[in-house]
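Here is how the chains run, residue by residue.
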Amino acid sequence: MSCRDVRKKMTAWGARSLSGEEARAMAAHLSDCRSCRRRSEVAWLKHRLLEATRAEGGDLSAHFLMQLRARLGATAPVTPSLWEGVRAFGQALAFTAVLVLMLIVGIHLYIRQEIVAENTDFFRLVAERNFSSSEQVILADDRDLTSDQVLRALIAERGQR
Amino acid sequence: MGREKLVRSGVEVHDDELVERTLAGDRDAFDMLVTRYSRSVFNLAGRFFRQPEAREDITQETFIKAYQSLHTYRRGASFERWLMRITINACYDELRRLKRRQEFNLADLTDDEVRWLEDALAKPALEKFEQAERNEQAAALAEKLLQTLSPEDRMVLLLYERDGLSTAEIAEITSWSRSKVKVRLFRARRALEKRIRRLLTAVESRSEQEKR
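Which chain is which? The protein sequence lines are A and B, in order.
The first sequence begins at 1 in this note's numbering and counts up by one.
The second sequence begins at 1 in this note's numbering and counts up by one.
None of these hints come from the bench; they were simulated from the model.
A virtual CB, placed ideally from N, CA and C, is assigned to each residue, including glycine.
Some clues are possibly wrong.
Interface residues of chain A toward chain B, partial, derived using beta-carbon atoms under 7 Å [unchecked claim]:
#: 1; residue: L45
#: 2; residue: K46
#: 3; residue: A55
#: 4; residue: H63
#: 5; residue: M66
#: 6; residue: L68
#: 7; residue: L72
#: 8; residue: G73
#: 9; residue: P77
#: 10; residue: V78
#: 11; residue: L82
#: 12; residue: G85
#: 13; residue: V86
#: 14; residue: L125
Just need the whole structure built from these sequences, with the hints factored in.
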């Protein structure tokens, strides 16, 4: 029996539910293997301790029903009326609506804040930048702009330098 | 049908009918439900609490909760199963209420409990302990060890390891998902084994010191 086989049967060993042959093979392995022996001790103790937690017999006291009646008092069981049902539904609906509203407002504020921050950064950078003449040609948003025009602008810019 | 009907004065009374009558203000109908199921509730509480007083308190709490929320019971469903869920919740609440130990050392054990552990280690044949099963030292030691676990872990461990319920059955009675039960079981087993291993090491080193 290998350590692996032994460990698979550890719970059954702990519960002393192995067959005679298996138990003998297990015992032979445990006498030689210190690590498995410790595991078997833990398994056995775990089984014993958990078994010890079982409640032993016992029964309800003779006064149980009387005490229960006294605790319940003269009250009738809760029977919700139609009005109470409607009111509970309304409350749940209002609560959900408030939650959804808060969520929408939160998301809206968050997105708005993000865009404003991004826009601010973008426009500030643009404002601080000195565009070259060729860049100005490209950014002019001329729909008829051709590659020749861009090339000419670049050559002219180079000539200026 | 079994427990769902009760023969009384030659007439079978179904759980649902008793529930209806209770809701209409008939206290005797509720007494019949209590009589019918109090033993089952008491036994179920016994899976988590050994003392009869604690089990009786849980039983009372269960029936009070059941009485107060009787209108939520869906007619046609199993009343016993509905009641068992309330019982499990009551047990869970009680376990949560109990103070949880953070750590557990050899110093926390009484002399009797240490002796029990030493005997358990010293006698490899262990038959002696089979005969002396369910002794008080073992129960007290087990209680101390279990107190270090969370209520969920404790419930799952007892139901699976000791009572032999499957993870599906535990999931059903606790209303937890099967994956939650499996995760809890894995953690609980590992935690308990770790504590037992630590205790054994402490007992062994103490015995060696005493020999010297």
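Status of the hints after comparison with the structure:
This hint holds: L45/A has a C-beta 5 Å from the nearest C-beta of chain B, less than the 7 Å allowed. For K46/A, the suggested interface contact is upheld, since its CB lies about 6 Å from the closest CB of chain B, less than 7 Å. With 7 Å as the threshold, the beta carbon of A55/A comes within range of chain B, its nearest partner Cβ sitting at about 3 Å, so the hint holds. A least Cβ separation of about 10 Å between H63/A and chain B goes past the 7 Å threshold, and the interface hint is therefore violated.
Of the supplied interface hints, the one on M66/A is violated, with its beta-carbon coming no nearer than about 10 Å to a beta-carbon of chain B, more than 7 Å. This hint holds: L68/A has a C-beta 6 Å from the nearest C-beta of chain B, less than the 7 Å allowed. Checking L72/A against chain B by beta carbon gives a least distance of about 6 Å; that is within 7 Å, so the hint holds. The interface hint given for G73/A is broken, as the beta carbon of that residue sits about 10 Å from the closest beta carbon of chain B, more than 7 Å.
At its closest, the beta carbon of P77/A sits 5 Å from a beta carbon of chain B; the interface hint therefore holds under the 7 Å criterion. A cut of 7 Å between beta carbons decides the hint on V78/A: the least distance to chain B is about 6 Å, and the hint holds. Taken as an interface hint, L82/A does not check out: its beta carbon lies about 13 Å from the nearest beta carbon of chain B, beyond 7 Å. Taken as an interface hint, G85/A does not check out: its beta carbon lies about 10 Å from the nearest beta carbon of chain B, beyond 7 Å.
At a threshold of 7 Å, the smallest CB-CB gap from V86/A to chain B is about 15 Å, leaving the interface hint violated. For L125/A, the shortest C-beta to C-beta distance to chain B is roughly 51 Å, which exceeds 7 Å, and the interface hint is violated.
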